[in-house]
Structure formats: structure tokens, C-alpha cells
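> Whole structure, please, built from the sequences with the hints as guidance.
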Amino acid sequence: MTLFIEQCLNGLQFGLLLFLLAAGLTLVFGIMDLVNLAHGSLYMLGAYFAATVAAWTGNFVLAVILGVAATLVVGMALEVVVMRRLYGRDHLDHVLGTFGLILFFNEAVRLIWGPAGMSLPLPAWLLMPVEVLPGISYSAYKLSLIAVTLAVAALLYFIVMRTRIGMLIRAGASNREMVGALGVNIKLLYTLVFGLGAALAGLAGLMQAPILTVQIGMGENILILAFVVTVIGGIGSIRGSLVAALLVGFIDTLGRAYLPDMLAKVLSHNAAATAGPALSSMLIYLLMALVLIVKPEGLFSAGGR
Amino acid sequence: MKGAFTLRNGVVVLLLVWLALLPVYAHFTDDQFTLTLFTRIVIMALAAVSLNLILGYGGMMSFGHAAYLGIGGYAIGMLAHEGIYNGFIQWPVALGASALFALVIGALSLRTRGVYFIMITLAFAQMAYYVIGGIDRYGGDDGLTIYKDSQFGGLVNLNDHVTFYYVCLALLFAGVFIVWRLVNSRFGLVIQGARSNEARMRAIGFPTYRYKLLCFVIAGTMAGLSGALLANNADFISPSMMYWTRSGDLIVMVVLGGMASPFGAVFGAVALLVLEEALSGITEYWQIIMGPLLLLVVLFARGGIDGLLVQLGTWWQARQAKPGAPERVSA
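Sequences listed follow chains P and Y, in order.
So for the first sequence, this note's numbering puts the first residue at 1337; every next one is plus one.
So for the second sequence, this note's numbering puts the first residue at 30; every next one is plus one.
No lab work stands behind these hints: they were computed from the structure.
Heads up, some of the hints might be wrong.
Claimed, not checked - Ranges of calculated distance between the beta carbons of each label pair, as one might list FRET restraints:
1. Arg1421/P - Tyr238/Y: 33 to 43 Å
2. Val1417/P - Glu111/Y: 31 to 41 Å
3. Asn186/Y - Val1416/P: 54 to 64 Å
As the list claims (entries may be wrong) - To give an idea of the chain Y side of the interface with chain P (calculated C-beta under 7 Å), a few residues:
4. Gly183
5. Tyr314
6. Val327
7. Leu328
Cβ coordinates follow ideal geometry from the N, Cα and C atoms, glycine included.
Set out below in C-alpha cells:
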């Protein structure tokens, strides 16, 4: 039971992390109609920036703040220099162009930080376990991750649904020409939205950094999971990506934890040992296939586009 | 009007002659490196040609085409690992497995379109990557060495580098021919019709889903063949041959060469892989040049190499025609 609760918390934490990535992806797609494969590169950059600041100053909180800020700046610069030229083009152009960007960013990181990878050490106050329920303790860092991502999700909801900027964002998503004609500086709005998506990706990357190592290509595998989340949730829907991210987070974590044991009860020990890991890594893709069969446009499709 | 000779056709002929005579060149200059490089190029070109069928002609933006390379390759490798070296068993299994995978993936992903299709094909290909990397019996992430090439009972000896090169080249030509015949057939016209306006094709009574699915399966099978060749070429397979960046490379080849043109994908494969080789000779960090280069191609050279050759050709012809022009003006 202890283990089960712990795994559920892991699932929640992983799901929320995926949400940060998927939200940025779906925001950029929903509003600018842009497929950004280089989203994973921004995730990687966030982690590298934070690790660098932490190495200089030794201050974890400062590393987080500056890491997010730096990714925001890189994201906005990227929008101005490259992405802006891709709007209104074929999706294939987006895929190819941003694929080129991935090559560029990976190699640039190798050039600047070297091939070895880095680590982002945690301060002492985040290292000790916290007793969440009587007799059940859980990593303070992962708990704070859950808290931070929930806060960011709430903030995002507030910005998009309750502020003027959010109103413009939603208006831009449904009819960009009209918003532009009404005198809104749509170029600036797009730069801001792309920067916001980049900052979310950077935050996700630097938050995952203390758990895994900071390395080249770290954003690529998780980006594909973020794609799965977006497809399940429905592209362009932030609410959909929250639900889908939690679903994927839980299923992936619990599947990896329990499926091999469950298989061992049905199959022979050897067969279960072989099939277990393979099958549990397939689970979320099977979920995606299932969603596609039932609702090809995702659980919460934004409709119309 | 000017006859069949255009700049583009000239370049195609030159490329074909070069590909056909390459082993002769390698033999006389003792340049094994070029032969090895071009064997790989020819194999990847076959995969790119198959992707061009669905991407260029069919408008299906598959980002998971490398999965078939892996599946074709692993079919060879797994059978070899179990002691079955007979090519008459190995190759049909490789083709069949790729076709089956394409059928399942295609049936699911063709229910969607556009960005969904890109993401879904990518996700399923990555699933195949993780699953194959998770099977310890066949080496897992570390890959698997193949100790003996496919045996064809003395018919052809794939161990011989020159023979193997010509086998690959013959299969590439066959692939280009098949795609060319397909796209000019009724079937191919339906596929191209569905690319430009699927609703209209359906309205006039074509079950476009089934047409596209069949096209997807044909392309997947051809790419599986390319995977089988890759396994025989390297005598080693690993999940990295189906990693998603490999799918990206294949898309780059198709777009760089020129979409929906019979030889475009071949141009693209040659150009990309030779460029990679050249850049990696200059600097270890060659991708820092390659990335922005791709971006520039996307932004400024949409027709790819093929389009460029056609444009250059018409420009040249217009220039040639100029001396005759004043007469028409005076009349």
C-alpha cells in the first residue's frame, strides 16, 4: 500500500510535468498553427541554463528563476529570428525547419557545455523526505514539483481565461486576421505566446534535471510523450492536455511498476521478464491507439481547426 | 517542344551513369571508402523513394518511416540469431513484417490528418523503437551482430561488396520504376487526387481511405526491404537505425531532392549523405552547419534540387532562345 501511494504520487508528478510541455506545444499550435519539434530543445536548454547558474552561484532558487527567464528570452528570440517566417506555411515545412533547429541546438549545446552532461544538485531543504500520510514519506523535491506545476497550471488557466492578454490569445486562436484588423499587435502577441511556451518547456526541463542528468537530447524522448499527450487530449485544448497528461503519467508509471508482476502471475517467469518491460513501454501508445479509434480528434478537441 | 533533353534529365543520366560505374571506379582507384559510402546511400535512397510515394505523391506526412528500416533489419537479424540464414525465408519475412506493421499503423493513423498524422506516426515508430530496444534476447539497446549475410543458395553472394552494391542498385532502380508506374496508374491518380482534395475524391465515389492505406503499406514494405539491405550491409543492427531522427533524415532527403518527382528522392539521398560526409570531414560539430542549412532549404528552396534543376533548365533555354526573339518582335 505504501508503495502504491508512492507510485501514484510519482504518476501525478510525471503527468504534471508532461502537462507543462504539452501545454506549451498545444498553445503554440492552437494559436500560431505551428508544429514545433524544437520544443524539446527548449526543455533541454532550460535544464542547461539552470545547471550553469547553479554551478556559478550555488543557489538553487536563483538557478530556477534565471533558467526560466533565459529560456523565455531564447524562445522569444527564436520566434523573431526563425519561427515568424514559418507561420502560414505547410506543416511539413514546420517539421523540417524545426528538425533543423534540433540538430543546431544539440550541437550548440555540445559545443558550449561539452558532451559530458551536467547535474543540478538539490539544496538540503529539498532532499529530506516528508511524511505525507502517517507512516508514508515521500521526497520533498517531488512534492514541491507537484505544488509548483499545479500552481503554474492554475496561473496558466487564470492568464488564458481571466486576463486581457488571455482574451487576445483566445481570440487570436479563433480568428487571427480579425484580431489583427482590430488593432492588436499580433506579432508581439505571437512572440509573447511562443516565449511563454518556451518558458514552460524550460521550467519542465530544469525541474526534471535534479532527478535525471542534464544531457544532450534529453528533450527528445519526453517530447514524443508530449505529442502523445497532445494527440490524446486534442490539439489546441489546454484542458484536454491536462487530463491526457495525468492519464499518461499515471498509466506509464503504474504500468512500469506493476505490469511485469501482474504478467508473472499469468505467464511463465521467463516470458513475463521479456514481455513485461516491452509491454509496459507500449501501454500509453495503446491508449493513444484506443483514443484514435473512438475519437480520432482527441478527447477534448478544440473544434473547428 | 525542345525534345526530351533538359538540364534535369541530363543530371539524372549523369547520376545514373555514376552510380552504375562506381564499382569500376572503386576497383581501379582502390577506393573502398567511396564504395561503402555509396552502398549506404543507395540503400537509404530506396527508403527515401518509398517515403516519396506517400509523402510527395500522397501527401501523407509520415514521421515514422525509419520504423520499417528497423523492422526489416531486425527480421533479418532475429532470424539469423536463431540460425536461419536462408534469404528466401529471411527477406519475405522482413517484407511481410514491415507490411503488417504498416497496415496496423496506417489503419490507425489514416483516420486522422495533418499534424495529428505527423505526431501519431512519430509516436508509433518510437513505440517500435522502445519495444525492440527492450528485447534482451536480441541485444536490447546494444544491438545485435549478424554473423552471416542472407544466403541465396549460390544464386548471389552478398558477401562480395561489388555484387552487394549492384543488388542494392538494382533494387533501387526497381523501386524508382515501381513508384513511377504506380503514380502514373489509375491507382496513383486517385492517391494524388486525394492529396489535393480528398473530400472531392470521396464525393465522386473513391474510397480514399482504402487507397491511401494500400499506398501506405506499399511504401512501408519497400522501406522494409531497405532495412533488410541495411542489416546485410552493416552486419549489425541496433534500435538506433529506427530512432526518430532517422525518420527525419528520410523526410529531409525527400524534400531536399524535390517532392513528387521520380528521381527527387535519389537526388536528396545522395546530396544529404555526401554533404554529411563532407561536413563531418571539416568539423566535428558539423550538425551546427547542417541544421541552419536545412532551415534555409525550407525557407528559400521549396522545390528542392529537382525544382532547382528544372528552373535552371528553363532559364537556360530562355537564354538560348533570345537571339531569335527580335524577329518575332519586329513582326
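> Does each hint hold? Answer for all of them.
A quick look at each hint next to the structure:
1. Arg1421/P - Tyr238/Y: 33 to 43 Å: holds, 35 Å
2. Val1417/P - Glu111/Y: 31 to 41 Å: violated, 53 Å
3. Asn186/Y - Val1416/P: 54 to 64 Å: holds, 58 Å
4. Gly183: violated, 37 Å
5. Tyr314: Result: holds, 5 Å to nearest chain P Cβ.
6. Val327: holds, 4 Å
7. Leu328: holds, 6 Å
Hints 2 and 4 from the earlier list are contradicted by this structure; the remaining hints agree with it.
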